[in-house]
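> Here's the letter readout for the chains.
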Amino acid sequence: MNDHTILSWITFIPLIGMGAILFVPRNNSGVIKLIAGIATAIPFLLATQVYFGLFDKKSAELQLVQQLDWIKAVDAQYFVGVDGLSLALIWLATLLMLVAVPASFGIQKAQKSYYALLLLLEVGIVGVFVSLDYFLFYVFWEVMLLPMYFLIGIWGGPRREYAAIKFFLYTLTGSVLMLVAIIALRLDMGAIGAENPFSIPEMTLQAGAGMLTGTGLPFGGHLLGMQFTTWIFWFLFVGFAIKIPVFPFHTWLPDAHVQAPTPISVILAGILLKLGGYGLMRACFPIVPSAFNEFAYALGILGVISIVYGAFVALGQTDFKRMVAYSSVSHMGFVLLGMAALQNWGMSGAALQMFNHGTSSAVLFLIVGVIYDRAHHRDLNGFGGLAQVMRKYWALTTLGFFAALGLPGLAGFVSEAMTLMGAYNSEREGFKTLVIISVIGIVITAAFLLWTMQRVFLGNLNEKYKDFDDINFREIMCQAPFLFLCVFLGVAPWYLLDWMQPSIDKLVTTLGG
Amino acid sequence: MLGLLEFDPSIDFKLLLAVLLIPLIGYVLQIFLRDKLPRGDWILTGGMGIVALITVFLAAKAIAATTAGEEFFHASSDVGMQFGWFYSDLETPAVNVIAGILYDPLGAIMLAVVGVVSFCVHLFSQGYMRGDKRYAIFFANLSLFTFAMLGLVLSDNILFLFIFWEIMGLMSYLLIGHFGHDPSQPFFHRWATWASKKAFLTTRVGDCCLFIGIFMFWDQFQTLSFTGLWEAGRAAVEANGGEFPAWMTTAGLFVFGGTVGKSAQFPLHIWLPDAMAGPTPVSAMIHAATMVAAGVFLLGRMFPLLSPEVLTVVALTGSFTALFAATIGMTAFDLKAVLAWSTVSQLGFMVAAVGLGHVTAGMYHMVTHAFFKGCLFLAAGSVIHGCHHVQDMRLMGGLRRKLPVTYICMLVCTLAIAGFPLFSGFYSKDQILLAGWASVGDIDHFGGTALFALIALPVAAMMTAFYMLRLIFITFHGEYRGNMQEHMYSEMIASEGVEGPDPNEHGPGEHGDDSHATHEPHEDPFRKNSMTQALVILAVMAVPGVAWVVHTWVGGLISIHTLYPSGIADWIGAKVPEGIFDPDSHMAHVAHGRALYLSLFVACTGILGAFYLYVMRRDLPAKITAGLGILYTTCRRRYYIDEIATACVINPCVKLAVILKWIDEKIVDGLVLLVGRVNKLAGFLSAWFDRMFVDGAVNAVAHVSQAFGAAFRLLQTGRIQQYATFAVGGGLLTAAWLILS
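Chains A and B supply the protein sequences, listed in that same order.
Mapping of the first sequence onto the working numbering: residues 1 to 513, in sequence order.
Mapping of the second sequence onto the working numbering: residues 1 to 741, in sequence order.
Take these hints with a grain of salt, some might be off.
Capping the alpha-carbon separation at 30 Å, the derived lysine-lysine pairs in DSS-like fashion look like this [claimed, not checked]: (1) 466(A) <-> 36(B); (2) 506(A) <-> 58(A); (3) 133(B) <-> 392(A); (4) 506(A) <-> 392(A); (5) 506(A) <-> 432(A); (6) 392(A) <-> 36(B); (7) 432(A) <-> 109(A); (8) 133(B) <-> 466(A); (9) 464(A) <-> 133(B); (10) 61(B) <-> 14(B); (11) 575(B) <-> 402(B); (12) 57(A) <-> 392(A); (13) 661(B) <-> 432(A); (14) 432(A) <-> 655(B).
Quick list of simulated restraints, FRET-style, between CB atoms [unchecked claim]: (15) 662(B) <-> 68(A): 25 to 31 Å; (16) 656(B) <-> 192(A): 28 to 34 Å; (17) 422(B) <-> 484(A): 52 to 58 Å; (18) 469(A) <-> 648(B): 24 to 30 Å; (19) 655(B) <-> 469(A): 37 to 43 Å; (20) 469(A) <-> 628(B): 44 to 50 Å; (21) 183(A) <-> 708(B): 53 to 59 Å; (22) 686(B) <-> 73(A): 30 to 36 Å.
Please keep in mind that the hints were generated in silico from the structure rather than gathered at the bench.
It should be emphasised that the depicted structure is a prediction, and the values quoted were computed from it without experimental measurement.
Quick reminder that beta carbons are idealized off the backbone N, C-alpha and C, glycines included.
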């Protein structure tokens with residue numbers, strides 16, 4: 001293992017673990033869990049080592065790059081590397097996967113396949129974050145889809161099959177649009193004689209030089225009255241926006257969340273949604289910067305709609321998990337708003353918001369899981385007074401809720417403030433109004449979280465639940481790392497932002513900010 | 001002596017840091033160790049005592065410096081005590097948030113107030129909260145509440161002020177909701193739960209306005225530190241030919257929105273009266289030194305940046321709130337409710353003073369108010385404790401003999417808030433009325449605002465004197481009415497003409513399990529009673545003589561010329577009435593004289609009115625209220641603002657949420673499902689097409705082949721003879737054809 005292969009190790013160790021699990025007898029669940037634990041712990045440790053040892057945080061360049069020929073016929077390469085942006089998300093992904101293993105101990109059904117699929121999912125997720133070749137990126141993107149489909153469809157709730165198919169088809173639609181765009185980009189790169197036509201950094205360079213406009217293609221840069229770049233932009237954007245998810249592409253999310261088992265929800269909200277935002281930053285905007293700048297206001301509007309609309313719909317929910325799912329829509333709206341503003345703080349805030357939403361939404365879904373395991377329902381009006389019997393649980397929930405509603409001192413505030421201040425400072429027209437509107441979302445978020453707090457934890461104790469056990473050690477330990485990150489990054493955000501800053505600044509410059 | 005009182009940055013900033021860290025450490029210790037910590041409450045109270053001592057000591061330094069005519073502005077960034085918050089890099093302040101401590105006259109006096117009042121509240125709580133189920137958590141939260149306020153005061157930039165501002169919001173949520181966890185008190189249990197939510201959400205509306213205001217200032221000035229903002233503001237105004245740019249008016253209004261929320265100004269005042277659902281020490285904390293004071297403090301910090309238009313709005317809001325809340329205060333019967341409405345009213349005075357340009361009067365009133373209101377609330381707590389958690393004044397009466405220390409402290413502070421001569425409130429309220437006269441003297445500049453304020457404020461002051469003395473007379477004088485029968489009490493409430501008993505004004509006490517053997521009101525001996533000890537400390541500050549000393553010192557510390565650095569002080573002169581900015585002018589002398597007579601007049605009228613109605617002619621109030629009819633009911637029901645807010649804001653929001661949920665499920669998701677159905681239908685149709693035509697074609701081919709096969713099968717018999725016949729016959733036919741052709 002050396003500097004150049006460490007990313008590959010991080011990516012593929014879970015695959016080795018998956019292979020190992022397949023050789024374990026199915027009734028030997030202890031060994032299966034152990035292997036799953038090890039196969040997720042090692043990537044996490046390696047990612048930590050990269051974070052604190054191998055990575056040069058002052059540099060904006062792609063680091064730890066490994067570039068090998070792969071499919072010569074189409075010039076696809078095995079090309080991986082990280083910068084400050086992707087590294088933070090890789091670290092979060094490996095942490096989430098590590099926590100997902102003990103969080104899954106309650107699952108009894110077909111454990112062998114479950115953990116095998118979980119590890120395969122990690123390969124896909126981390127693979128997307130390290131890929132710098134668009135072909136490889138797409139392969140990992142699809143690798144991720146399949147285990148998720150089975151994890152929801154087999155281990156999910158009563159309507160799991162509906163939710164799984166909806167998730168699969170919705171995401172696949174996005175993937176197909178992406179694939180079309182990728183092929184078109186590949187052809188265009190070939191037409192302008194690029195050396196590595198699938199390489200994302202090279203596409204970025206060419207696009208920055210104004211070369212990637214489709215003029216070399218048979219239809220000469222225009223198709224059905226729209227520019228080539230516009231087509232590419234919208235195809236890629238919709239593909240990624242479905243993942244974020246941005247209004248109006250968000251409706252798969254609540255269904256998937258409600259049906260998915262707790263650890264899968266945690267992964268879904270914690271890291272899968274970030275792939276959309278990351279994809280836009282890495283593989284959409286820099287490749288078609290002109291179209292991005294042209295449609296930035298539209299994106300900002302979509303972001304604000306997601307923020308405000310998501311918050312209101314969350315306020316209207318009676319299902320605990322659906323409410324949390326819609327709060328994700330609202331929070332991820334900040335990501336889009338911050339990116340669209342094209343301002344350094346806005347972009348950093350968007351990246352940080354992805355990270356912070358990863359931690360805070362993980363906590364929220366774990367919280368829902370704790371109560372669902374005990375009560376076997378999630379009706380917000382069916383609880384009441386739980387703070388009297390579950391004191392520790394209530395305390396942790398309070399912290400989690402206030403982290404989610406962006407209380408200063410906790411992580412969510414930093415990213416929201418940064419995003420909004422950046423967006424307000426944007427040179428683009430109209431963003432000041434958008435920021436002021438989006439603040440409504442902050443108030444409504446506080447409203448539905450506190451209302452939930454009141455309905456579930458305060459008031460009169462529901463007699464049915466007076467014998468509930470308080471949150472146990474395993475459940476606390478699952479939440480602990482995320483709660484710690486919420487507090488730590490709320491107090492000392494520079495620990496993460498320092499790492500991201502050079503890459504973000506470079507991205508903003510590339511996009512013309 | 002003077003050497004000791006000189007500000008030494010190398011040591012004193014560390015002391016200020018300690019002031020900030022002591023309550024924080026106390027909180028962490030208490031929350032994690034709780035019962036394992038022997039006498040955790042004493043550790044926290046002791047810590048707060050140290051904080052109080054340090055803050056007073058440092059304030060003395062500030063007073064010494066300003067009295068000597070020196071400028072007193074100390075930023076920790078000058079001695080390298082600062083840190084970059086977004087990024088650790090300190091080189092590029094324009095794209096970073098750099099935080100440090102600012103210690104100036106305003107901060108110095110506020111810090112001392114917070115330290116002392118908070119110490120007294122801690123001390124008081126030891127007696128008052130004893131036996132509470134969540135005693136340790138209560139102390140921890142109280143400590144963090146103080147921490148947030150101290151941090152707010154010490155912040156050198158507006159973003160950090162906002163951070164502490166919001167943490168305070170969280171702590172008020174937790175503390176107001178303290179009884180929400182105690183099901184043994186069904187009434188408080190339910191009330192505390194929604195009151196805490198209401199407080200957090202209402203103030204958050206204001207907070208978000210402030211947040212937007214911060215964006216606007218940062219967007220234009222690229223700095224967040226107060227000193228930087230003041231300088232940039234001055235430069236921007238100078239560059240604009242001496243006029244405030246339009247955007248600064250907008251931004252200033254948004255910033256003022258924060259004050260409206262936190263300092264309970266109309267129309268966001270609705271949370272404060274309900275905040276008394278929390279334990280009484282928390283009310284004292286919220287109403288005196290923290291939370292509501294933060295909004296006024298913010299106005300003090302941002303005053304140089306507020307344009308004259310904003311100040312007009314500020315003055316009108318403050319004057320209106322002062323009058324409006326006073327009318328409600330006159331009708332309340334709950335001991336704490338009277339005090340709560342008086343706080344809203346007094347905050348209106350402070351805000352109005354700032355709006356009229358007399359920012360010092362506003363800050364000064366905040367200081368005196370913090371002490372006497374803290375004392376009043378704690379005294380109310382002592383009364384409620386002594387009366388076994390009855391809060392309705394109609395069930396009290398004649399308590400002056402049973403609770404002597406409490407009575408004296410409360411009387412002193414009542415006279416102070418009423419503006420009785422020589423008590424502390426007199427000095428500060430006189431200053432505010434002075435602002436009114438001075439602005440009327442500057443009528444070209446202030447116009448109708450000044451007139452409105454000059455009418456509203458004295459009337460409100462008169463009402464304050466009236467209802468505060470009413471409180472004293474009903475509670476402490478006359479006969480004890482606590483033995484009133486249950487049905488008599490209900491009748492009394494029913495006879496009032498208010499539809500249904502107001503849930504906020506009676507109900508069981510704060511502690512359900514009453515361990516006291518006797519039901520007679522009582523007060524524990526002073527020596528053993530931390531509650532009355534705390535009262536006395538606070539009341540002393542309002543006593544004539546002490547009040548005069550404080551007035552002299554604080555007057556020297558915070559004047560319009562010392563509150564901001566000299567360049568800024570000269571610049572803001574344009575917004576301050578001449579009679580205040582230049583104390584030696586003719587106008588100043590005229591206004592001083594008038595304000596003095598006016599404040600004497602209103603205080604005495606109010607007090608005499610209360611004496612007449614509640615001591616001499618006790619039969620009159622009932623007749624008057626009956627005569628007022630709907631006017632009284634409206635007032636008693638708080639002008640139905642809560643109902644209006646529910647009908648116009650909360651219900652529409654919830655309704656909108658339900659509608660959007662429906663839209664999301666039926667339309668947004670419906671479209672997705674429609675696409676799914678269309679695809680399914682298309683699939684079905686293509687399957688049918690496939691069966692009928694594509695597969696049909698294949699089958700047709702098969703059928704044709706079959707038919708051919710069947711036909712040809714007839715030839716394939718497998719008999720050699722037949723094949724031979726065909727072969728020979730074929731050969732012959734071929735030969736025949738060849739020959740013939």
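> Where does the structure disagree with the numbered hints, that is, which hint numbers, in rising order?
Structure breaks hints 4, 7, 11, 12, 15, 16, 18, 20 and 21.
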